[in-house]
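The chain contents come next:
There are 2 protein chains.
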Amino acid sequence: MRLSQLMLPDIQAAYAADPDAVRELFEDLHDEDVADIVESAPAELAPELLAALAPAQAAGVLECIEPKEQVELVKRLGVDRASTIIDEMASDDRADFIAELGHEFAERLLAAMDDANEAEVRSLVQWSEGTVGSVMSTEALKVPVEMSVGQVIERVRTVGQLAETVYYVFVVAGGDKLVGVVSLRDLILCRANEAVASIMTEDVKSVSPETDREEAADLIQHYDLIALPVVDAEHCLRGLVTIDDLVDVIEEEATEDMHRMAAVQPLDDSYFGTEFWTFVLKRAPWLVALFIGGQFTANAMGWYDDVLQKASVLVLFLPLVISSGGNSGSQSAAIIIRALAVGEVSIVQAGRVLARELAMGLVLGGLLATIGILRAFFGAEGSLVAMTLGVTLVTVVTLGTVIGAMLPILLERLGLDPAVSSTPFIASLVDLIGIVAYFSVARAMLV
Amino acid sequence: MRLSQLMLPDIQAAYAADPDAVRELFEDLHDEDVADIVESAPAELAPELLAALAPAQAAGVLECIEPKEQVELVKRLGVDRASTIIDEMASDDRADFIAELGHEFAERLLAAMDDANEAEVRSLVQWSEGTVGSVMSTEALKVPVEMSVGQVIERVRTVGQLAETVYYVFVVAGGDKLVGVVSLRDLILCRANEAVASIMTEDVKSVSPETDREEAADLIQHYDLIALPVVDAEHCLRGLVTIDDLVDVIEEEATEDMHRMAAVQPLDDSYFGTEFWTFVLKRAPWLVALFIGGQFTANAMGWYDDVLQKASVLVLFLPLVISSGGNSGSQSAAIIIRALAVGEVSIVQAGRVLARELAMGLVLGGLLATIGILRAFFGAEGSLVAMTLGVTLVTVVTLGTVIGAMLPILLERLGLDPAVSSTPFIASLVDLIGIVAYFSVARAMLV
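Going down the list, the sequences are from chains F and R. Taking the numbering used here, I'd label the letters of the first sequence as residues 213 to 659. Taking the numbering used here, I'd label the letters of the second sequence as residues 213 to 659.
Heads up, a few of these hints could be off.
Unchecked claim - These stretches of chain R come out as covered by chain F in the derived footprint (C-beta under 8 Å, 3 or more residues):
1) 228-239
2) 251-263
3) 268-274
4) 486-493
As the list claims (entries may be wrong) - Partial selection, computed: residues in chain F whose CB lies under 10 Å from chain R:
5) W339
6) S340
7) E341
8) T509
9) I559
Source of the hints: derived by calculation from the structure; they are not laboratory data. Backbone N, C-alpha and C fix where the C-beta goes; we use that ideal spot for every residue, glycine too.
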């Protein structure tokens with residue numbers, strides 16, 4: 213941000229004097245930095261700056277800009293100038309971008325674009341959100357298995373400029389069937405007359421366009437790869453996904469999990485990029501559902517009118533009891549949801565988790581009960597309250613811990629996202645259990 | 213897991229027949245897969261399998277194994293056999309590994325290692341956890357600025373096998389001063405007689421060993437890089453961090469934030485890797501603190517004895533009121549904590565966030581109040597409860613939303629981790645506010 217604010221006045225002056233000078237000025241900068249400058253330029257200057265760049269750089273810059281601003285900018289550029297730039301974009305970014313546009317403008321732009329690029333966009337936008345197809349690029353560098361190392365390097369030289377990555381070269385046979393992969397590193401380290409078949413790795417990790425993109429991210433992370441090839445059912449090479457796309461996936465998935473855990477429907481945009489009323493819609497349904505579910509707590513309390521009449525002092529400690537259950541439940545839920553997400557725990561280990569969290573709940577509940585009993589005993593509340601508090605705390609904290617841990621595992625088992633077992637949901641459930649436990653124990657003590 | 217379970221009996225049989233055959237069997241597998249097999253092998257066989265591999269592959273396999281099991285395995289291998297393997301490890305993994313060992317064993321191992329490697333480990337382990345120094349590797353590939361492209365490629369060929377990545381070659385002048393970077397891609401795409409100085413990028417993004425590793429992860433992600441050079445105060449090249457190390461950082465940071473948000477002290481190990489009593493210590497202090505803080509709710513309820521006497525029906529709805537405040541607060545907290553972590557919101561935007569969340573709280577509170585009033589009105593509770601519920605819900609949900617959003621920003625402003633403003637902590641604060649608001653409104657209505 214600071215860079216763009218510093219440079220903007222100079223850029224504006226340079227552009228006024230000679231639009232071509234801007235191109236030279238931008239040539240030595242990172243695309244990301246140029247994007248910052250374009251984004252902070254006045255609305256009428258921004259598209260002109262982009263148009264002043266060489267199309268390849270303009271495409272790189274456009275890829276770095278937020279989806280909403282991209283659309284604004286391209287609409288201002290007009291179909292003709294925009295299509296030249298968009299033809300130069302990487303296929304995955306291009307498809308994402310076209311998907312953001314309104315239907316009519318997208319069609320006009322596609323018509324103005326290069327035919328091969330148009331066909332590619334149409335084949336990429338078919339994949340649904342969250343799949344590898346939606347983040348893959350089609351520019352995988354492939355060579356026939358018969359080539360020598362020298363020939364492959366020569367091929368990298370000729371077509372490398374267009375590929376998404378040249379660090380992995382995919383080896384194909386009989387049309388497009390993927391038979392191996394060779395890294396640029398290995399190519400450089402070998403003699404030119406060696407056959408590529410003799411140095412390639414045949415055990416290629418690959419994914420299909422339908423694969424969940426999170427699974428691809430796990431694979432790339434597990435094997436420390438830079439890119440993964442995407443193959444179809446016939447094992448023909450369709451494209452590749454690169455680590456930088458998947459880093460974004462890892463971050464987005466973590467954000468979605470955090471939002472779900474707090475009972476917020478995941479956002480499609482950034483905080484300020486989300487409209488106020490969209491935001492309300494992401495939050496209100498869950499709050500209302502929890503509120504309506506919470507009515508049961510009022511009903512439950514109604515059942516214990518006799519207890520409340522006889523020992524109204526018990527009510528004072530009710531919020532404390534139920535929040536202790538909620539707190540221990542949300543601890544377990546966060547630990548288990550995250551452990552499932554990063555693959556530290558799997559559903560086959562449900563029994564081990566149950567045993568562990570049960571023991572944990574008893575220890576933590578026992579600890580809080582001891583503090584609670586001491587407090588009530590030395591306070592003015594007397595032994596009825598002290599004993600009720602003690603027994604209830606052990607029960608509620610243990611149940612909170614176990615429910616918080618097991619509910620995410622149950623959801624995973626059912627094929628749902630464990631993060632949906634949000635902290636507020638678990639807290640509400642534990643509230644209800646807390647009320648029933650507290651007053652049932654009290655009733656038993658009073659008799 | 214499945215692969216290793218399938219192959220283990222065959223491997224055991226092969227090893228019994230001829231230990232050398234195992235080496236050939238493993239040669240074509242990914243290090244990660246071999247690591248799975250070694251990890252699931254019986255305790256006495258595992259070190260033997262590792263010793264049967266070529267030292268370079270054994271080092272790669274060892275890098276893929278969990279820290280605790282690494283230590284076990286290496287202790288069983290003994291100092292001599294272990295040092296040969298550890299000499300072949302990447303410098304960052306080696307330093308991490310040595311740091312895991314007990315002091316005495318580490319010293320014996322260091323003594324048995326190659327002298328250069330020993331010195332390197334000692335220089336790497338000095339960096340504290342969480343800095344770039346703690347994840348960097350020293351094997352950056354560097355070339356003098358005077359070289360031609362052909363000479364650089366030749367250098368890559370000779371020393372490339374030892375470098376952490378050959379995809380970026382760092383160009384240095386006057387000793388080790390970093391003056392540029394050139395990607396292997398650019399080298400391949402250029403003519404051999406061109407000067408490297410004419411094709412290198414001079415605007416190199418770099419970090420220092422003291423930089424927060426999260427900052428390095430942001431930079432690598434922002435600029436879509438594969439690696440970042442690490443330079444010292446004199447801008448001399450000290451090493452590099454690669455994207456695969458930083459992917460782990462991104463994931464770890466998200467895990468820590470999720471744990472903190474649920475009032476769990478971040479774990480150093482995986483779920484099952486953490487001992488039971490260590491786990492108790494990560495959870496108990498927060499639960500106890502929240503429990504002791506929760507005593508205030510009991511005190512607060514004591515202040516409203518008169519209200520409770522006159523309208524005991526109000527008590528029925530108390531859990532509902534306070535959980536609504538807690539739920540809206542945890543929604544805001546999760547949204548803002550995450551937005552701060554990924555850089556969507558910064559503290560200078562506190563005013564905008566406040567205005568937005570205030571409006572959001574009023575809308576959400578108004579919605580819940582409407583439902584609550586209708587419910588109480590058509591139920592048997594009458595208009596006193598209905599009005600008290602309505603006014604309190606608007607107040608509590610609005611305050612919950614605002615506190616949930618602003619507390620993380622305040623913590624960030626104070627230089628603390630915003631995720632420490634955990635959901636349970638915010639919920640406890642809002643419980644107290646809810647009780648005071650609810651009964652104060654009721655008292656005013658009763659008069």
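Verification of the hints:
1. Only when three residues or more bring their CB closer than 8 Å to a CB of chain F does the claim for the region 228-239 of chain R stand; here the count is 0, and the claim is violated.
2. Beta-carbon proximity to chain F at under 8 Å applies to 0 residues in the region 251-263 of chain R; the threshold of 3 is not reached and the given coverage is violated.
3. Evaluation of the coverage hint for the region 268-274 of chain R: breached, as 0 residues show C-beta separations to chain F shorter than 8 Å, against a requirement of three.
4. Counting residues of the region 486-493 of chain R whose C-beta lies closer than 8 Å to any C-beta of chain F gives 3; at least three are required, and the coverage claim holds.
5. For the restraint placing W339 (chain F) at the interface with chain R, the shortest Cβ-Cβ distance is roughly 22 Å, beyond the 10 Å limit, so the hint is violated.
6. The beta carbon of S340 (chain F) comes no nearer than 24 Å to any beta carbon in chain R, farther than 10 Å, and the hint placing it at the interface is violated.
7. The interface hint given for E341 (chain F) is broken, as the beta carbon of that residue sits about 19 Å from the closest beta carbon of chain R, more than 10 Å.
8. Hint status for T509 (chain F) relative to chain R: holds, with the closest Cβ pair at about 4 Å, below 10 Å.
9. Annotation: I559 (chain F) was flagged as interfacial toward chain R, and the flag is violated, the nearest CB pair being 13 Å apart, outside 10 Å.
Of the numbered hints listed earlier, those contradicted by the structure are 1, 2, 3, 5, 6, 7, 9.
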